[in-house]
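*Asks:* These are the residues of each chain, in order.
Protein chains: 2
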Amino acid sequence: MTQLASSSITPVYKPSRAWNHRTPDLLEKTMTQIQDYVNSRREEWLEELKELLRIASVSTDEARKNEVTRCAELVSERMRQAGLDAAVYPTGGHPAVYGERLGAPGKPTLLVYGHYDVQPPDPLDLWRYDPFEPTVEGEYLVARGATDDKGQFYSLLKGVEASIRTRKEVPVNVKMLIEGEEEIGSPHLGPFIRKERERLACDMVVIADSSQFAKDVPAITYGLKGLVYLELVVRGPKKDLHSGSFGGAVANPANVLTRMIAACQGPFGRVAIPGFYDDVRLIEPWEREEFAKLPFDEEEFRQAVGAPKLFGEEGYTTLERKWARPTLDVNGFISGFTGEGAKTVLPSVASAKFSMRLVADQDPEKIAELTRQFLLDIAPDTVEVEILDHHGAKPVLVPRDGKGVQEAVRAYAKGFGKEPVFIREGGSIPVVNTFQEELGARSLLLGLGLPDDDAHAPNEKFRIEDYYRGMVMMGELLGELGK
Amino acid sequence: MTQLASSSITPVYKPSRAWNHRTPDLLEKTMTQIQDYVNSRREEWLEELKELLRIASVSTDEARKNEVTRCAELVSERMRQAGLDAAVYPTGGHPAVYGERLGAPGKPTLLVYGHYDVQPPDPLDLWRYDPFEPTVEGEYLVARGATDDKGQFYSLLKGVEASIRTRKEVPVNVKMLIEGEEEIGSPHLGPFIRKERERLACDMVVIADSSQFAKDVPAITYGLKGLVYLELVVRGPKKDLHSGSFGGAVANPANVLTRMIAACQGPFGRVAIPGFYDDVRLIEPWEREEFAKLPFDEEEFRQAVGAPKLFGEEGYTTLERKWARPTLDVNGFISGFTGEGAKTVLPSVASAKFSMRLVADQDPEKIAELTRQFLLDIAPDTVEVEILDHHGAKPVLVPRDGKGVQEAVRAYAKGFGKEPVFIREGGSIPVVNTFQEELGARSLLLGLGLPDDDAHAPNEKFRIEDYYRGMVMMGELLGELGK
Chain A
13 MTQLASSSIT PVYKPSRAWN HRTPDLLEKT MTQIQDYVNS RREEWLEELK
63 ELLRIASVST DEARKNEVTR CAELVSERMR QAGLDAAVYP TGGHPAVYGE
113 RLGAPGKPTL LVYGHYDVQP PDPLDLWRYD PFEPTVEGEY LVARGATDDK
163 GQFYSLLKGV EASIRTRKEV PVNVKMLIEG EEEIGSPHLG PFIRKERERL
213 ACDMVVIADS SQFAKDVPAI TYGLKGLVYL ELVVRGPKKD LHSGSFGGAV
263 ANPANVLTRM IAACQGPFGR VAIPGFYDDV RLIEPWEREE FAKLPFDEEE
313 FRQAVGAPKL FGEEGYTTLE RKWARPTLDV NGFISGFTGE GAKTVLPSVA
363 SAKFSMRLVA DQDPEKIAEL TRQFLLDIAP DTVEVEILDH HGAKPVLVPR
413 DGKGVQEAVR AYAKGFGKEP VFIREGGSIP VVNTFQEELG ARSLLLGLGL
463 PDDDAHAPNE KFRIEDYYRG MVMMGELLGE LGK
Chain B
13 MTQLASSSIT PVYKPSRAWN HRTPDLLEKT MTQIQDYVNS RREEWLEELK
63 ELLRIASVST DEARKNEVTR CAELVSERMR QAGLDAAVYP TGGHPAVYGE
113 RLGAPGKPTL LVYGHYDVQP PDPLDLWRYD PFEPTVEGEY LVARGATDDK
163 GQFYSLLKGV EASIRTRKEV PVNVKMLIEG EEEIGSPHLG PFIRKERERL
213 ACDMVVIADS SQFAKDVPAI TYGLKGLVYL ELVVRGPKKD LHSGSFGGAV
263 ANPANVLTRM IAACQGPFGR VAIPGFYDDV RLIEPWEREE FAKLPFDEEE
313 FRQAVGAPKL FGEEGYTTLE RKWARPTLDV NGFISGFTGE GAKTVLPSVA
363 SAKFSMRLVA DQDPEKIAEL TRQFLLDIAP DTVEVEILDH HGAKPVLVPR
413 DGKGVQEAVR AYAKGFGKEP VFIREGGSIP VVNTFQEELG ARSLLLGLGL
463 PDDDAHAPNE KFRIEDYYRG MVMMGELLGE LGK
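Residue numbers (the numbering used here), protein chains in the order written: chain A, 13 to 495; chain B, 13 to 495.
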């Protein structure tokens, strides 16, 4: 979920009485073998997840390299334990883990994708617990990586295991690819998939690296935003200067940077880079209708986020802006003196990381180039400007009536007790494009997290009940696809 | 020199052959008793300065509080050793040191002002030596505080000592006030001066906390810029959010901050805050003429600063902009993720420290209020905005023909072998206003530093020869004033 994430903040949706008050009798009648098996192993499988979360597999942190590798080895071991032939594969960066169970000739082949790497835990002082000592708090498990993505992919793995143990055979061919560089933009995954194209060949991909629409409102995500992540570095004098003595004589890189980043922004959250909106696919009328039906309260959302007021492009609802309109956000900036008190410095350098979220049919490379060109055009010649390219992703729109979608709807009904809604997301999963391009396979986005799981933030968590529900859903999905 | 500092970067001025080739004979003829005395104690008095520089008296750093106090005690001890009645005085913040020698009834009273506190040494990794282990490098002494202001005020103190030892009496009454909070805006100095108004009563103040115009071009500074130092804090969502999921739904404080700071800036370094230029006193024709005569090479200056190009208001020379035109500079900013790599965060808070340098007759309180009002006017209601006031100073213009100025010119001639030029400075010394307002006393700004001393920056230094020349100048100044 570096790129894909939650769509709203609970509590927005109020579960219906019918679901909450389902009788034990009814539950018993619909209880499947898979459910039985999962229920009998709840404690044991929660401990296994905790073991995985204790490993600080922060892919962006060079100092954690060994922990990332150790995590890959544990995932591989757990795949073998589940009944897959599995191994750790070098990629040129952090390793990938791949496992398979191919006992169903003539049946479809499903590739499960996830990632075992996690975001940095900063800022550390805001965590209630050690981010790498998973802690049960009410109905949640709190840890870095709990929802993004260890808890989610491990739920699918245990679903595969439950299917193998209860059915004595796999209803479809199952492949599983868990990478270690998702949070840094998966730089080696594309080449790995290209190289292992034959091994990874499949009919569809399943990814659990996103969210339900709300608590007890499971969802299938059919749209993802794309991403362009850049960094602007402005350099002026060769060293920091006294702002009294040199102010007015040389351009201040921090002054220049604010003007350049401001120039990229139009009013009300519009992006002011020329050509930015040229290829944007407009939201279709049926989507506006569907989104409007979803249980989403803007005022409750605002309160949950804690912002004084919601904000964004005029003429669109909050869900429309979040899911289907492109944006530009500064992700961080730094320059000069930022400590306690006052220092009258004219900084020699200033930098800002910023990213643009794209919608179909915007092309990340084209947008990156437009942005680069615009920044170079407006850069004054009194400073030196460098533009770094961190990573990108194409936007995605999956047909809602494609292969496997109806099977997933039925599997959700068994795992979660109700059918999923269809939503889009503001995040990105670049690998979805790679699977489409390299393997010709479409992805089913079956998020198990919740919108307020705080992926990427302190006190990240995962709802324990959904960890088990995901296992059942996955086990049932294999059965549905094998029919 | 938090606020007052260098006016140019050497090597800009080429000393005339006449001065460089002065014969030993001529030097001998003009050698005074003061010079003899200083020359006989060069080694010893350099060691004393080093001892002072070893104390890390960083006033903005709470963790250094004890070192600040220890430094005050050493200064007090050194004043007593020089022949002054001296003691450390509590101020409510870091203590001040005051000493006096009042043996000249009917003669003028001179108050020497300086500060024993220093700037933080950050960034530490750019220092060639431990910043608090003074190191001789060629003709310079390198240490935090070497030029700003320990080396300079200590030179004046040793000049007073030389005068006392050689003359057996003081030609004028001497008072000396060395404070410990100059680098944090002297918050307790004003109240202290008001409280001790009688004790501090004087006819003029001497301050050595600035620079010569260039190496071997001593200068008397007749103009200082004023200062308004503010911090803008923009708060949005209550915690950091995922920029994919929430971008487009809530205002990003980092985006908003760049737009607000950019809105304060006009083209070519102009300040765009309405009313900002209303009270600006224009540069007078005679000043433009004087500045134009000074040995200043814009291209050499640019190369020394290392900026791709010089920059600033159109229609003014670089010296005019540096000395006599108001500016706005961002001193630092921070928000969101600033570490290695990429993190797709929508930050909950962004902040920028920025300051405006003012010229006569701009009023810091009025400018601060204009700025505050402007920022609040343009702040969107989708964020919360806070504006912190760090410190301010009024601009200063000292009459060049006032009391003591001609005596200082003669003292310079003896200490430095030539008459000083008259310059203005981009920095500020708020205390100059306080002395004028509370004691009715004008300040003589007799800077001993050099423009490339790197006050406030790594590898701060002070030219050792000027340390001794300042002593002679000070000793002679007392004699001149006592005539």
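No wet-lab data here; the hints were simulated from the structure. Since this is a predicted model, take the numbers as computed values, not measurements. Some hints could be false.
Copies of the same chain look alike in the list, so a pair counts if it fits in one copy or across any two.
Said to hold, decoys possible - 30 Å max Cα-Cα, derived DSS-like pairs, lysine-lysine:
1. K180 - K207
2. K415 - K119
3. K227 - K62
4. K321 - K119
5. K227 - K251
6. K77 - K415
7. K227 - K250
8. K495 - K378
9. K251 - K426
*Asks:* Work down the list of hints and note, for each, if the structure agrees.
*Replies:* Hints versus structure:
1. K180 - K207: neither (32 Å within a copy, 92 Å between copies)
2. K415 - K119: Within one copy only: 14 Å inside a chain, 102 Å across chains, cut-off 30 Å.
3. K227 - K62: For K227 and K62, the Cα distance is within 30 Å only inside one copy (22 Å; across copies 67 Å).
4. K321 - K119: neither (52 Å within a copy, 68 Å between copies)
5. K227 - K251: between (53 Å within a copy, 21 Å between copies)
6. K77 - K415: Intra 39 Å, inter 70 Å, cutoff 30 Å: neither.
7. K227 - K250: between (54 Å within a copy, 21 Å between copies)
8. K495 - K378: neither (43 Å within a copy, 79 Å between copies)
9. K251 - K426: neither (64 Å within a copy, 36 Å between copies)
Checked against the numbered hints listed earlier, the structure breaks hints 1, 4, 6, 8, 9; every other hint is satisfied.
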